[in-house]
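If you read the sequences in order, they're chains A and B. Be aware that the first sequence starts at 1, since it is given in my numbering, and climbs by one per residue. Be aware that the second sequence starts at 1, since it is given in my numbering, and climbs by one per residue.
Simulated from the structure, these hints should not be mistaken for laboratory data. Glycine residues also receive a C-beta, built at the ideal position from the N, C-alpha and C atoms. Check each hint, because a few of them may be wrong.
[What the hints assert, rightly or not] Counterexamples of contact, computed for chain A against chain B with all Cβ distances above 10 Å:
| hint | residue |
| --- | --- |
| 1 | Arg53 |
| 2 | Ile184 |
| 3 | Val352 |
| 4 | Asn387 |
| 5 | Leu420 |
| 6 | Glu486 |
| 7 | Lys505 |
[Said to hold, decoys possible] DEER-style ranges, computed between Cβ atoms:
| hint | chain 1 | residue 1 | chain 2 | residue 2 | range |
| --- | --- | --- | --- | --- | --- |
| 8 | A | Asn315 | B | Ile36 | 19 to 29 Å |
| 9 | B | Phe142 | A | Ser295 | 45 to 55 Å |
| 10 | A | Ile563 | B | Arg90 | 53 to 63 Å |
| 11 | B | Phe33 | A | Arg511 | 50 to 60 Å |
| 12 | A | Ser295 | B | Glu60 | 21 to 31 Å |
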Amino acid sequence: MDNKESVSGSVSLMKSLMEEGTDTVFGYPGGQIIPVFDALFDYRQKLKHILVRHEQGAVHAAQGYSRASGKTGVVLVTSGPGATNTVTGIADAMIDSTPIVVITGQVVSPLLGTDAFQEVDIVGISQPVTKWSYQVRRADEIAWAVAQAFYIASSGRPGPVLLDFTKDAQVAMTNHHYEKCTSIRSYLPVPKIDRNSVWQAAELINSAQKPLALVGQGVEIGRAEQELIEFLEKAQIPAAWTLLGASVMPFDHPLNKGMLGMHGNLAPNLKTNECDVLVAIGMRFDDRVIGDVNSYATQAKIIHFDIDPAEVGKNVDVDVPVLGDVKETLPAVAKLLRQADHDDWIESFNTVNGEEYDKVIVNEIYCQGEHIAMGEAVRIVSEKTDNSAIIVTDVGQNQMMAARYSKRRFPRSFISSGGLGTMGFGLPAAIGAKIARPDRTVCLFCGDGGIQMCIQELGTVMQSNVKIKIIVLNNRYLGMVRQWQEMFFNKRYSETPMLNPDFVKIADAYRIKGRKVTKREELEEAVAEMLEHNGAYLLVVDVEKKGMVLPMIPPGMDASNIIMEK
Amino acid sequence: MNTNTQTLYTVTVYSENHVGLLTQISNIFTRRFINIESLTVSASAMKGVHKFTITCYCDEKLIEKLVRQIEKKIDVLTAYCYVDDEIISREIALFKVTTETLMANNAIESMVNRYNAKIIEVNSLYTVIEKTGGKAEIQQLFGELEPFGILQFVRSGSVSITRSKYEHLSDVTMC
Ligand SMILES: Cc1ncc(C[n+]2csc(CCOP(=O)(O)OP(=O)(O)O)c2C)c(N)n1
Ligand SMILES: [Mg+2]
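Could you put the whole structure together from the sequences, leaning on the hints where they help?
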């Protein structure tokens, strides 16, 4: 097919995006990107544009879109302040390995470096938090740059890419010709599998009496959920997951033993320091997972499956790295595994988790206290959606409660800001997730603090009719910080109490149906009403002001220091 | 900085000749609070491929992490790190002294000969001495010249070549 034709740079960009299968763009116009928005006007049937209310929202929405669908999210914004507003989202996508392409406008190239109106060195600013950042100054480069951008963003360990288009590149004419990028000589996205390490890993697992698998988002990114289950089942390895790996395994799988880390479940955290072989799969030993490095799993041999060689040995020393795509490495190792029986070991997790259930969980999810507990609200929403919704969270206590007490049946059903912990992530991410998966119920749990960090995106919900269910767990505190103040700072609640607006009235102003619940008796019915309503809904649940997320391993400590009760 | 427990490493990086790579690479060091001792960038033996030579004090574990982090950059072809006996390194240094001190006796001139240095410019006011050599050797010459008064002194970062037969890059450029 001869697709060479003379078009403007902006049209070349539209055509290039469509070549990459983009159907949705999250953006906000401005002076230095008007030509692209003008071209978009002609393509609006094929390229749906979602007008956000703040560029940070555009990036988080693209992240939510990507995390729910596996596709690369696309953001389109103007230069200067439009570009700098994307930086938090870009950093979030970088640390959580989310493929997005952020397109920024830029001043005309002769003005570069002159402090022109709305000029900012966004390539320089974004470089430390992108996988690749590139300035396009000529229309002829556009097709090439977009092809590179999508290839880099989505291949290997995914991440954000920024393309900065000078205005003259947007308007100049070019002979558009698109070729997908399939390799870059300086970039090896997937390391070659080393047969020897595959064999060593299998040997170690075969010799293990008490193996434990730690499962991260890498499995979801690699679409290897099924391969993981086969791997675990064959050798009968109990597994625990990181925050971002929360929906990799179905909640009711018998080998799923719960969550890792600071607010994770008791058994996986304690047994990390008891197992003989630790099998980390697509996770990166974040400090919120490992606590004290020096006492972390020192008794165990550690196997690390990862696609990124820079992760191996970065935080903990590894005995056998298995580099490569988990979609290939997991079956390669599984083939060499012997059927095993670790029934007593597996059962021992249930005993320990049972202790946590009695001491902590039951009081949270079937709370008897005067006020509604966060975990109670989360449990009810999860139950009433048959544990099948996409759960999106903001950051704070609400996030940890959502991770601990919602259940996930399907992959790509838990979307949260993990590595960066960005308050404000939730609302726009939920918007993106719902747009990617209109067929699924999307429930957002957020705090009274976090909802206000991107609350303007209620405008996007209204304008684009995004039917998300927003649950504000209102404790009238910056709860997670308050919890730390209570535990480690002598209950000096410095700047954490919040005087909040009437969220239901705010929702109403955006023509979003809302309701506030303060009494336990109303909660189930209110959740049912929210879910039945055909449209967006904002449910404010007034919860216990001084609730605590427990258990908790204090930062930098090992799991034996776990705190179980207030 | 305490360099007692640390080794001087030489990191060589081969990259595409793209704008902005220098900051990306130096950021990897600054994030970990590692001071770059010297840095040179130039064309390599391969067309279109640039070579960075970076020296820093570091421990073995960390330098390996840094190298992997550098290699992770999209435009970096490959990166290696070496300790001193795996490579041959040279720096160039220029010393400026007054011609008067040079003329006063033959101490400086004999020093220049002993160190295999060169006098590259003499005029009535000053004399410029050039010395190519290892870091330590240059430091030593500096020490000996100092009592005579050095007007200006400048040294380059080190450039290095490995003791193996080929430029390491040959295995990657082909793909
Ligand atoms: C952008 C940003 N600013 C500050 C923080 C620090 N922080 C973490 S949790 C938290 C409190 C969140 O309060 P709220 O949204 O009400 O949630 P809660 O913990 O009460 O559920 C704060 C301030 C952050 N994570 N992100
Ligand atoms: Mg709160």
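Structure-based check of each hint:
A:Arg53, annotated as away from the interface, keeps every beta carbon of chain B farther than 10 Å; the closest lies near 32 Å. Chain B draws A:Ile184 into its interface by the beta-carbon criterion, the shortest separation being 7 Å against a cut-off of 10 Å. Every C-beta of chain B lies more than 10 Å from that of A:Val352, the closest at about 34 Å, which supports listing it as non-interface. In this structure A:Asn387 is separated from chain B by more than 10 Å, as the shortest Cβ-Cβ distance comes to about 38 Å.
No Cβ of chain B approaches the Cβ of A:Leu420 within 10 Å, the least distance being about 16 Å, so the stated non-interface status holds. Every CB of chain B is more than 10 Å from the CB of A:Glu486 (nearest about 33 Å), matching its label as outside the interface. No beta-carbon of chain B comes within 10 Å of the beta-carbon of A:Lys505; the shortest separation is about 45 Å. For the pair A:Asn315 and B:Ile36, the beta carbons lie near 24 Å from each other, so the given range of 19 to 29 Å is met.
At about 48 Å, the beta-carbon gap between B:Phe142 and A:Ser295 stays in the expected band of 45 to 55 Å. One distance hint, 53 to 63 Å for the beta-carbon pair A:Ile563 and B:Arg90, holds here, with the actual separation near 59 Å. For B:Phe33 paired with A:Arg511, a C-beta distance near 52 Å keeps the hint of 50 to 60 Å intact. Checked against the hint of 21 to 31 Å, the C-beta distance between A:Ser295 and B:Glu60 comes to roughly 23 Å, which is consistent with it.
In the structure shown, a violation is registered for the earlier hint numbered 2 alone.
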